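Chain by chain, the residues:
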Amino acid sequence: MFGLIPKDEKFFIMFKEMTSNIIEGAELLKDMLDSFSDPATSQRRIKDVEHKGDSLTHDIIRKLNKSFVTPFDREDIYALSSALDDILDLIDASAQRVVMYNVEKPTPEAKELAFLILKSCQTIDKTVALLGGKLEPISEYCVEVNALENEADRVCREAISRLFDEEKDPIQLIKWKEIYETLERATDKCEDAANILESVVVKNA
Amino acid sequence: MFGLIPKDEKFFIMFKEMTSNIIEGAELLKDMLDSFSDPATSQRRIKDVEHKGDSLTHDIIRKLNKSFVTPFDREDIYALSSALDDILDLIDASAQRVVMYNVEKPTPEAKELAFLILKSCQTIDKTVALLGGKLEPISEYCVEVNALENEADRVCREAISRLFDEEKDPIQLIKWKEIYETLERATDKCEDAANILESVVVKNA
Amino acid sequence: MFGLIPKDEKFFIMFKEMTSNIIEGAELLKDMLDSFSDPATSQRRIKDVEHKGDSLTHDIIRKLNKSFVTPFDREDIYALSSALDDILDLIDASAQRVVMYNVEKPTPEAKELAFLILKSCQTIDKTVALLGGKLEPISEYCVEVNALENEADRVCREAISRLFDEEKDPIQLIKWKEIYETLERATDKCEDAANILESVVVKNA
Chain A
260 MFGLIPKDEK FFIMFKEMTS NIIEGAELLK DMLDSFSDPA TSQRRIKDVE HKGDSLTHDI
320 IRKLNKSFVT PFDREDIYAL SSALDDILDL IDASAQRVVM YNVEKPTPEA KELAFLILKS
380 CQTIDKTVAL LGGKLEPISE YCVEVNALEN EADRVCREAI SRLFDEEKDP IQLIKWKEIY
440 ETLERATDKC EDAANILESV VVKNA
Chain B
260 MFGLIPKDEK FFIMFKEMTS NIIEGAELLK DMLDSFSDPA TSQRRIKDVE HKGDSLTHDI
320 IRKLNKSFVT PFDREDIYAL SSALDDILDL IDASAQRVVM YNVEKPTPEA KELAFLILKS
380 CQTIDKTVAL LGGKLEPISE YCVEVNALEN EADRVCREAI SRLFDEEKDP IQLIKWKEIY
440 ETLERATDKC EDAANILESV VVKNA
Chain C
260 MFGLIPKDEK FFIMFKEMTS NIIEGAELLK DMLDSFSDPA TSQRRIKDVE HKGDSLTHDI
320 IRKLNKSFVT PFDREDIYAL SSALDDILDL IDASAQRVVM YNVEKPTPEA KELAFLILKS
380 CQTIDKTVAL LGGKLEPISE YCVEVNALEN EADRVCREAI SRLFDEEKDP IQLIKWKEIY
440 ETLERATDKC EDAANILESV VVKNA
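Residue numbers (my numbering), protein chains in the order written: chain A, 260 to 464; chain B, 260 to 464; chain C, 260 to 464.
These are calculated hints, taken from the structure and not from any lab test. For clarity, every value in this text was computed on a predicted model and none was experimentally measured. Worth double-checking, as some hints may not be accurate.
Just so you know, same-sequence chains aren't split out, so a pair can sit in one copy or run between any two.
Unchecked claim - With a straight-line cut-off of 20 Å between C-alpha atoms, the simulated SDA-like cross-links for lysine to any residue are:
hint : residue 1 : residue 2
1    : K427      : D332
2    : K269      : K322
3    : K306      : S420
4    : K289      : D307
5    : K462      : F331
6    : K311      : E410
7    : K269      : N405
8    : K434      : F295
9    : K434      : D412
10   : K462      : N409
11   : K385      : V362
12   : K322      : N454
13   : K306      : P429
14   : K434      : F327
15   : K436      : D424
16   : K427      : Y360
17   : K462      : T329
18   : K325      : P396
19   : K434      : I272
20   : K275      : T316
21   : K275      : R416
22   : K322      : E399
23   : K325      : L394
24   : K364      : F270
25   : K325      : N454
26   : K306      : Q431
27   : K436      : I320
28   : K393      : E283
29   : K427      : D290
All chains should be modelled from the sequences, with the hints used to inform the complete structure.
What follows is the structure in structure tokens.
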């Protein structure tokens with residue numbers, strides 16, 4: 260069983276650029292919450308990464324609309340680029356909320372979610388890299404992204420549960436609930452991307 | 260006019276398994292809110308039903324990806340299985356929030372929404388059963404699901420309106436607003452499923 | 260380069276009816292917030308416009324399901340009619356919240372968002388009108404809708420930021436946060452519609 264896409268295939272290169280860019284965004288978010296030395300600067304750098312992601316997505320869609328032959332189903336290329344774009348949008352939305360809500364100190368759960376987002380993005384990047392070679396390990400990576408999403412879901416649920424138990428200030432509660440939910444939605448979008456990648460493998464097996 | 264799918268057709272059986280499983284989830288949710296004797300146990304049972312639903316959805320998608328011929332349009336099979344999966348996710352999310360937010364006593368509106376969810380799921384189950392036979396009554400059932408969604412929308416809006424009028428504790432307000440909205444979104448997903456089913460009928464009329 | 264669709268083409272006329280109806284809804288919303296003389300009546304009129312939009316969408320989907328030949332890709336017709344329907348749903352949802360939450364006085368940011376929604380809807384209407392003629396200016400209009408969405412995003416973010424700085428009553432904060440977010444989502448849906456329209460142009464260039 261050989262790869263779907265020759266290594267020089269343009270779609271493959273474009274998807275790999277997108278996942279590298281997503282990793283950069285996820286690393287910035289994790290560093291932002293871990294060090295918390297200059298969140299506003301981190302947020303602006305994430306916004307730049309997100310703009311770059313928009314333009315990469317736009318290039319893929321343009322190329323897709325102009326291509327008669329594609330390395331895998333058109334609707335999967337479209338869905339994958341949308342899901343990858345959404346991941347970065349949610350990383351950016353998370354960072355924005357941290358700054359906009361004047362968070363004083365990130366919680367352990369927020370840091371853990373940022374860690375899980377980075378792990379998911381790295382796994383998706385490894386999966387996309389395989390589109391140019393052996394497809395077999397892709398399913399395994401997809402299972403890993405699913406497990407990371409389940410873990411993020413658990414962390415988010417427990418964080419919100421603790422929030423309702425401990426936080427007496429409703430405005431603080433609103434802020435943190437939304438930060439946790441936005442972080443968790445980034446891992447949902449990683450799972451969406453993994454599901455699309457798994458479909459591509461099954462169809463081409 | 261005969262059915263689209265012979266009765267022994269695998270996709271038909273799989274969809275029927277899914278809707279039966281959804282009904283089980285909807286019944287558990289309704290019982291949970293009506294009796295409210297042991298919500299934590301009800302929630303765990305709903306979670307089991309939701310896991311079974313995930314695995315049924317996964318089976319349909321796998322079969323779809325491996326099938327060259329399908330009883331109706333591939334994208335409709337995909338969209339229908341996603342919509343059915345979403346219904347169960349929202350039933351589970353509703354139950355989770357009731358437990359996580361330590362609800363003391365379910366409101367009449369929450370019980371009514373659970374009743375409307377169950378009715379919608381039963382109607383979708385009857386519709387899916389017809390894919391193996393006469394298609395004509397399907398449109399009627401779809402109209403019924405739409406009416407149930409409109410009713411759920413009205414109940415939800417009035418419940419939230421009452422909440423803003425009467426509930427002075429903002430944290431309680433946040434909890435109940437989200438419970439009502441999550442319940443209502445389950446009926447939205449029933450409507451999505453009904454719309455897909457109606458398309459299938461029109462295309463094959 | 261000629262138009263995709265002859266001027267008498269039914270799909271074109273139906274889409275134009277939808278965008279005219281959307282403009283009516285957007286104008287009612289803007290007037291509602293600007294004058295604020297009788298918000299309940301404005302809201303009921305917007306609801307009527309939204310019902311008309313539902314029925315126009317339903318007609319397009321029915322026609323689509325029964326047509327063998329379509330002026331552009333079936334999935335784009337489906338996606339465009341859904342996006343247009345969503346715009347009107349969110350205009351209606353915004354108006355509903357203003358009434359349901361007993362808003363005393365609209366804020367400048369809410370008025371500005373309603374203005375940006377109307378501008379976006381007018382631009383989409385101009386774009387749809389071009390489907391029957393020269394396609395070249397469509398891309399330009401799509402860029403304009405994107406710019407309006409960015410502007411709405413900025414206004415919404417600043418409004419919410421100000422809300423968290425100034426509003427000490429958490430229940431008021433919940434209400435206004437949701438009104439701003441609902442208004443902003445209407446411009447997101449305008450952007451979705453513009454992106455679909457741009458795809459149609461690229462595919463047919």
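For each hint, the structure was consulted:
1. K427 / D332: Neither, since 51 Å and 52 Å both go past 20 Å.
2. K269 / K322: Within. Shortest intra-copy distance 9 Å satisfies the 20 Å Cα cut-off; inter-copy 30 Å does not.
3. K306 / S420: Close across copies (17 Å), not inside one copy (30 Å); limit 20 Å.
4. K289 / D307: within (16 Å within a copy, 33 Å between copies)
5. K462 / F331: both (9 Å within a copy, 18 Å between copies)
6. K311 / E410: Result: close only across copies, 19 Å inter versus 29 Å intra.
7. K269 / N405: Intra 28 Å, inter 27 Å, cutoff 20 Å: neither.
8. K434 / F295: within (17 Å within a copy, 30 Å between copies)
9. K434 / D412: Both. Shortest intra-copy (18 Å) and inter-copy (18 Å) distances satisfy the 20 Å Cα cut-off.
10. K462 / N409: Neither: 25 Å inside a chain and 38 Å across chains, both beyond 20 Å.
11. K385 / V362: neither (33 Å within a copy, 43 Å between copies)
12. K322 / N454: between (23 Å within a copy, 14 Å between copies)
13. K306 / P429: For K306 and P429, neither the intra-copy (29 Å) nor the inter-copy (29 Å) Cα distance is at most 20 Å.
14. K434 / F327: So K434 and F327 fail the 20 Å test inside a copy (47 Å) and across (49 Å) alike.
15. K436 / D424: both (12 Å within a copy, 18 Å between copies)
16. K427 / Y360: both (17 Å within a copy, 14 Å between copies)
17. K462 / T329: both (14 Å within a copy, 14 Å between copies)
18. K325 / P396: between (31 Å within a copy, 19 Å between copies)
19. K434 / I272: Answer is neither; intra-copy 39 Å and inter-copy 45 Å both fail.
20. K275 / T316: within (12 Å within a copy, 29 Å between copies)
21. K275 / R416: Result: close neither inside a copy nor across copies, 32 Å intra and 32 Å inter.
22. K322 / E399: between (30 Å within a copy, 19 Å between copies)
23. K325 / L394: The answer is between: 16 Å across copies meets 20 Å, while 26 Å in one copy does not.
24. K364 / F270: neither (41 Å within a copy, 51 Å between copies)
25. K325 / N454: between (26 Å within a copy, 15 Å between copies)
26. K306 / Q431: neither (24 Å within a copy, 30 Å between copies)
27. K436 / I320: Close neither inside one copy (34 Å) nor across copies (33 Å); limit 20 Å.
28. K393 / E283: Neither: 25 Å inside a copy, 42 Å across copies.
29. K427 / D290: For K427 and D290, the Cα distance exceeds 20 Å both inside one copy (29 Å) and across copies (32 Å).
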